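Just need the whole structure built from these sequences, with the hints factored in.
These protein sequence lines map, in sequence, to chains E and X.
This note's numbering numbers the first residue of the first sequence as 18 and each following residue consecutively.
This note's numbering numbers the first residue of the second sequence as 18 and each following residue consecutively.
Please keep in mind that the hints were generated in silico from the structure rather than gathered at the bench.
The structure displayed is predicted, hence computed values, not measured ones.
Beta carbons are placed, not taken as given, at the ideal position from N, Cα and C, and that holds for glycine.
Careful, some of the hints might be misleading.
[Said to hold, decoys possible] Computed footprint of chain E on chain X, listed as stretches where at least three residues anywhere in the stretch have a Cβ under 8 Å from a Cβ of chain E: (1) 54-61; (2) 87-94; (3) 102-111; (4) 143-153.
Number of protein chains: 2
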Amino acid sequence: MAAGGAAATAAQHWRALLAAALDSNAHLKHSTYFQLATVSVNGRPANRTVVFRGFQEGSDNILINTDSRTRKIEEINQFHYGEICWYFTESWEQFRINGRIDVIDSSTRDLAKQQQRKESWFASSLKSRLQYLRPVPRLPVLEESSEDYQLDPSIGPLDSFCLLVFNPEQVDYVNLKRNVRFLFTSSRSSDQSNNAWQIEKVNP
Amino acid sequence: MAAGGAAATAAQHWRALLAAALDSNAHLKHSTYFQLATVSVNGRPANRTVVFRGFQEGSDNILINTDSRTRKIEEINQFHYGEICWYFTESWEQFRINGRIDVIDSSTRDLAKQQQRKESWFASSLKSRLQYLRPVPRLPVLEESSEDYQLDPSIGPLDSFCLLVFNPEQVDYVNLKRNVRFLFTSSRSSDQSNNAWQIEKVNP
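Printed below as a string of structure tokens:
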């Protein structure tokens with residue numbers, strides 16, 4: 018890919034850098050995993066691995082599926098900001114993406130958002146969907162689960178299925194092989210479709 | 018290693034689980050990298066990849082080297098808590114470690130802490146030490162650096178060298194292959210040497 022070389026000289030959009038990183042690390046299953054930090058209810062940071070589910074169509078928003086019964090939903094509903102740290106283990110590239118998170122769960126009234134949640138549900142594998150039938154995460158184990166869950170593939174999102182829409186405002190990109198670092202800052206207008214990014218080359 | 022099997026049945030200390038994970042992933046350079054979340058000065062979460070530098074002798078404290086000129090030092094000095102997310106890409110194990118962070122930099126007066134900082138400096142490779150000579154991280158690039166730094170191997174810690182001592186209070190361990198999860202909570206006495214851990218098996 019030409020991305021790395023271009024990055025060493027100038028101004029490539031972070032989306033292009035990310036696409037190249039995903040491409041060059043595609044043979045690694047974990048290349049679509051990243052760590053999402055939020056602020057917990059007691060004010061301390063929280064951090065966990067989640068899976069990249071692609072971008073929302075026509076935007077830079079990152080989609081993440083999660084279980085509405087996990088603590089992060091309560092955390093995000095209280096404080097809407099997060100930072101993704103996405104490290105690519107083969108190309109030694111890191112994307113730190115800071116932004117606002119929108120929670121779309123079974124209680125969301127906006128019909129367009131519910132449609133997006135439904136699409137994300139059906140875009141998941143049946144095996145992924147099955148996990149939303151499991152006992153409440155983080156509660157004490159009451160009995161050993163048989164793990165023998167069944168789910169009709171045509172059924173819509175379960176109540177425990179939640180879609181997070183992560184809206185990037187700043188991206189801090191570093192390439193440790195090429196020793197370059199770029200800061201991308203969104204200068205978003207209220208009209209989301211008009212999202213420009215300022216780029217600055219900084220010391221790694 | 019027997020650790021995974023033991024974890025499926027009961028109560029193994031998180032240190033033993035971590036030692037087994039490090040062992041089974043040792044062929045991967047990135048197995049000693051994890052993501053450290055903190056709360057930034059504006060209250061938003063911050064998250065970045067750092068390198069595990071071992072445990073402080075005789076304790077569960079995790080050592081991390083960093084540059085005192087990075088923002089995380091200002092962040093941690095304002096709010097001392099962090100959460101490590103350490104995902105092992107081959108064994109599918111995740112350790113979320115929440116705790117308090119102690120900053121030891123050139124201004125620290127405690128002699129024992131300065132000794133620890135000095136030991137961490139000399140435990141680093143000469144190549145690692147060279148990075149503390151580089152231009153201030155995250156400032157605009159003024160000129161292309163020649164990367165031709167020299168450093169006397171016998172010289173002690175540079176001012177920009179900072180040691181973080183991460184003091185774990187809770188560890189949330191999940192093994193995605195075996196589908197088990199344990200919460201470890203410290204019941205530390207004021208005497209740090211007497212650190213007991215409570216263990217609870219919870220739903221993944």
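Now the hints, each set against the structure:
no. : hint    : verdict
1   : 54-61   : holds (count 5)
2   : 87-94   : violated (count 0)
3   : 102-111 : holds (count 4)
4   : 143-153 : holds (count 3)
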